[in-house]
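A.B. asks: Letter by letter, the chains look like this.
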Amino acid sequence: SQKIEQNSEALNIQEGKTATLTCNYTNYSPAYLQWYRQDPGRGPVFLLLIRENEKEKRKERLKVTFDTTLKQSLFHITASQPADSATYLCALATVRNAGNMLTFGGGTRLMVKP
Amino acid sequence: GAGVSQSPSNKVTEKGKDVELRCDPISGHTALYWYRQRLGQGLEFLIYFQGNSAPDKSGLPSDRFSAERTGESVSTLTIQRTQQEDSAVYLCASSLRVRGANVLTFGAGSRLTVL
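Top to bottom, those sequences are chains A and B. To convert, note that position 93 of the first sequence is 93 in this note's numbering; the numbers rise steadily by one, no gaps. To convert, take the position in the second sequence, counting from 1, and add 1000; that gives this note's numbering.
Heads up, a few of these hints could be off.
To be verified - DSBU-like cross-link-like pairs, simulated, lysine-lysine; straight-line CA separation at most 30 Å:
{"hint": "1", "chain 1": "A", "residue 1": "K71", "chain 2": "B", "residue 2": "K1057"}
{"hint": "2", "chain 1": "A", "residue 1": "K57", "chain 2": "A", "residue 2": "K113"}
{"hint": "3", "chain 1": "A", "residue 1": "K17", "chain 2": "A", "residue 2": "K55"}
{"hint": "4", "chain 1": "A", "residue 1": "K113", "chain 2": "A", "residue 2": "K63"}
{"hint": "5", "chain 1": "B", "residue 1": "K1057", "chain 2": "A", "residue 2": "K3"}
{"hint": "6", "chain 1": "B", "residue 1": "K1011", "chain 2": "B", "residue 2": "K1057"}
These are calculated hints, taken from the structure and not from any lab test.
Working from the sequences, and respecting the hints, build out all of it.
C.D. replies: This is the structure we're talking about:
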């Protein structure tokens, strides 16, 4: 069966360190993968998209890697800040109905301590 | 509007009643998604509309759940004969397809509590 796995345990790190979150998947051939941030009581907000033919994407302090052989994406936040504390969700896109259907992982909560 | 608007933001209902949740997507967005999020859980896909294609209803958990979308505008998610396990936040998102990719913009959600 298809699965998207993110570490359900919260990740606690010290301010200034690099946070690394993992997204593993099985039985998918995603066209692309996305990362979203969700704060309590709010809907997720898009952060980054990486396509199947891309190895790495960067945006400011964020970096995403995508290894289709390992079926894994890593999401890095460098020089982390307490304001980065949130739940981070990965989402895989599969082609459906002339569009793309996105399936989300369960998310990993990140806590950055000052 | 500037973003995805959902109503009501909060709904408390009694078991067995029907509820309707509304989503106003961003104007011009061709795709619309409904997800369910139980407390402390991830997003559970419910249904996906893409333009004029038949909707993908593969995530609807039972025949008590249905959704409609009028053209490329408003969508309504209906839950009939609500059960306590239906209590969750129902999130709607819309997207525009750019270079083959759909990037979702979410609403703030409708929190449903079934007593």
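A.B. asks: Now look at each hint and say whether the structure bears it out.
C.D. replies: Hints versus structure:
Only pairs whose Cα atoms come within 30 Å are accepted, and A:K71 paired with B:K1057 is accepted, the gap being roughly 27 Å. Pair hint A:K57 plus A:K113 holds up; C-alpha atoms about 26 Å apart against a cutoff of 30 Å. Annotation: proposed proximity of A:K17 to A:K55 holds, straight-line Cα distance about 23 Å (limit 30 Å). Annotation: proposed proximity of A:K113 to A:K63 holds, straight-line Cα distance about 21 Å (limit 30 Å).
Annotation: proposed proximity of B:K1057 to A:K3 holds, straight-line Cα distance about 19 Å (limit 30 Å). With a C-alpha separation of about 24 Å, the suggested pairing of B:K1011 with B:K1057 holds against the 30 Å cut-off.
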